[in-house]
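Protein sequence lines correspond, in order, to chains A and B. Count the first sequence with the numbering used here and you get residues 1 to 380, in order. Count the second sequence with the numbering used here and you get residues 1001 to 1464, in order.
Just to be clear, a hint being listed does not mean it is correct.
[Claimed, not checked] DSBU-like, lysine-lysine: derived pairs with alpha carbons at most 35 Å apart:
id, chain 1, residue 1, chain 2, residue 2
1, A, K94, A, K301
2, B, K1314, A, K288
3, A, K288, B, K1105
4, A, K206, B, K1174
5, A, K206, B, K1105
The hints are simulated quantities; they were obtained by calculation from the structure and are not laboratory data.
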Amino acid sequence: MSAAEARRTLPELVEEAQRVLAICNACRYCEGYCAVFPTLQRRLSFTESDIHYLANLCHNCGSCLYACQYAPPHEFQLNFPRLLAQVRRESWRKYAWPGFLARAFDANGLVTSLATAASLAFMLLFAALLDGPARLFAAWSDAQGSFYAVIPHDAMVAVFGTVSAFVLVALVAGFARFWADTGEGRIGLEAAEPATGALGDALTLKYLDGGGDGCTYPDDTPSFARRRFHHLTFYGFMLCFAATSTATVYHYVLGLKAPYPFWSLPVLLGTVGGIGLLAGPAGLLWLKWRRDPMLADPDQKGMEAGFLALLLLTSLTGLALLAFRETRAMGMLLVAHLGVVLALFVTMPYGKFVHGLYRFAALVRFHLERRRPPPATAPE
Amino acid sequence: MDSTRTWDVLVLGGGNAALCAALTAREAGATVLLLESAPFAYRGGNSRHTRNMRTMHEGPLDVLTDAYPEEEYWQDLLKVTGGLTDERLARMTIRQTERHVPWMKAHGVRFQAPLGGTLHLSRTNAFFLGGGKALMNAYYRAAAAMGVEIAYETEVVGLALEGRGIDSVTVDCKGERRAIRARAVVVAAGGFESNLEWLREAWGPPADNFIVRGTPYNMGKVLKLLLDQGARRVSDPTQGHCVAIDARSPRYDGGIVTRVDAVSLGIVVNRDAQRFYDEGEDFWPKRYAIWGRLVAGQPGQIGYSIIDAKSMGKFMPPVFPPEKADSVRELAGKLGVDAQALERTIAEYNAAVRPGTFDHTIQDDCRTEGLVPPKTHWARTIDTPPFYAYPLRPGITFTYLGVAVDERARMILQDDRPAANVWAAGEIMAGNILGKGYLAGIGMAIGTTFGRIAGEEAARHVRG
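With the rest of the complex left out, here is chain A (with noise of 0.2 Å):
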């Protein structure tokens, strides 16, 4: 397959993974690798919300393919993680909500670019507008509230408090298209275990494993490196949210103004998150970049990176921002700075973000099914 075949469609897809998956049910020697294989082999027919569960199950480890006595050039040309790759991008299309926000997906890696330079461009005309453009160049003491002297307090919060209030809406709605399509209905108390089960399984990444010696990425030599720089990527995210709220509760409730010195809570959680977050999505990139082509979808190259990328400028623009708070670069660097988060926050439910979205899900329902007794099939 080549980058310049056509993308296939949905139906296209599903009726390709109702053929592997014919393939993979009848040889079953991946099922030690993951989550995937297992529930693939409780059923015996696949419908499309079936192939939707699976994808999203996948976490592109790769393992199979390698192991794959059937993978390319044989002639039954099975690629199963780049077809579940090429079915993942078809989900995320198809549970985004509002609809026609989807076609992000389609050319996504150019819809995040435009969505950064329109943020980095909103900020500074907000910035510049609110203030005038001469407390942008000036020089701020930390004493002096340097932040909210460029960019009004209210006014930061009107403009995020609106757009995470509408990420949340359309992260919560997508989930639940998801998860009304998998036909398993409300989540109720009895889910509790699934739910810590999954959650159990996203935060450790289990199935960035391999089953046991990690997983064929970038190459066919089993590595952690993806794991350890995902758990770098994600944890950093993590503790710079983590820094926020608490920024948020010295605002709120200790009535302290930002900037914090370095070595109060928000200071030192960003920091901390911020090398995470810069380290992580860098190690990411660079996986990316030697990965062996067979394994990936070339056609989602462009979003991947483009995540990646806005993670990236995230803590490189908010580390940077602590390192020049008290220069005349403070303004621009705020801007910067607010202007990728912005772009990050307005492309995450239509970008690379959902996957852990998605993926929860798929973990919730595999612990659901995993404790029901297994379709009786007779010994062979």
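Mind docking chain B on chain A? Use the hints.
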């Protein structure tokens, strides 16, 4: 590949036995060159299609549950081979399997507890995580890391057994002919199962209807060269691991997914709509290996496994969809067999089925009475539409014709004495232990055992 030097150990072949020999010899300090005739993507011979190794163990061992003692293993082997085996070599192999699991793990192979559909094998067979191709990838990685030289797309086209030994072999390396010199040679180049011409020589016209389940690269060239030049032969060219597989499988390399596991749940008829063997004789894993020869013995080398709606979904899902019909007559039409004959066969069978309690997990009491051949277990009437059929053909996995070896894996010559510097491992000598029949996972047991011994002995020969 440096063809000016003389290698300590030259390994012919690139499957499990070859890699076990190469790794062992290299670890003993020998310089090793391994010649694989297949390209990189198809390396590993039939080992890339395997899944597990039958392993003796006195108590729980790694992923293996309970115990599988030597005597039980030996009795299982004795049963399938009908005594056509070499007890000394067989028992030696069985005993050696116990020490393989840790050795394999040390070389990067990973094992897994079997999950779906193969639980009954968790006691006797150690399953490779990801199957045989993953195992071969691990061995090739280990070999590269320790400096085994590997040449792909390099086929042996000539060798001379002179003065009881081999000093050099002639190879075709991507179209270029070269001579390679070595002090010791391990032959682990497989059987001749991919060689349709040779199969036809052995079987006659029926061979045209055989499907080769494994690699297309086992042409038996090394085997033929050795037999022509004085190696003692074992077994005969019609013997092999041959199972009944879906007739719609690709000519080569279809592997595991071509299996049809519905046989013991229904009946099997030939082209003339006649039954020809007891489908319920024993559990399928113990009988699957005889059905290839059974179908090979039928006119046109074709059979049809027929079940009804009661059995659908009660066996491992085959890769090809079954023929499906609402009546036996319609099904016969789809299969191209005589409708009246099929209706009669099924009516006779249904009339002979005695009442019983169906249980596919045990040898139940559902059987026929007064029917020839009988169906002794899991016999239920075939009367609930829709009816389903899977066409079957003989699927050759590997052939048993080979070179004789002794307990030190030395190749034996026609004078019954070992060659001076030639060792054999894997399919090319499996016929020493497998005269006929097959026991799931024993191919890898033989290959690993003789591969390791051959590598060790070859290295000792050159390094002293």
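Going down the list of hints, with the structure as the test:
1. K94(A) / K301(A): holds, 20 Å
2. K1314(B) / K288(A): violated, 43 Å
3. K288(A) / K1105(B): holds, 29 Å
4. K206(A) / K1174(B): violated, 43 Å
5. K206(A) / K1105(B): holds, 21 Å
Checked against the numbered hints above, the structure violates hints 2, 4; every other hint is satisfied.
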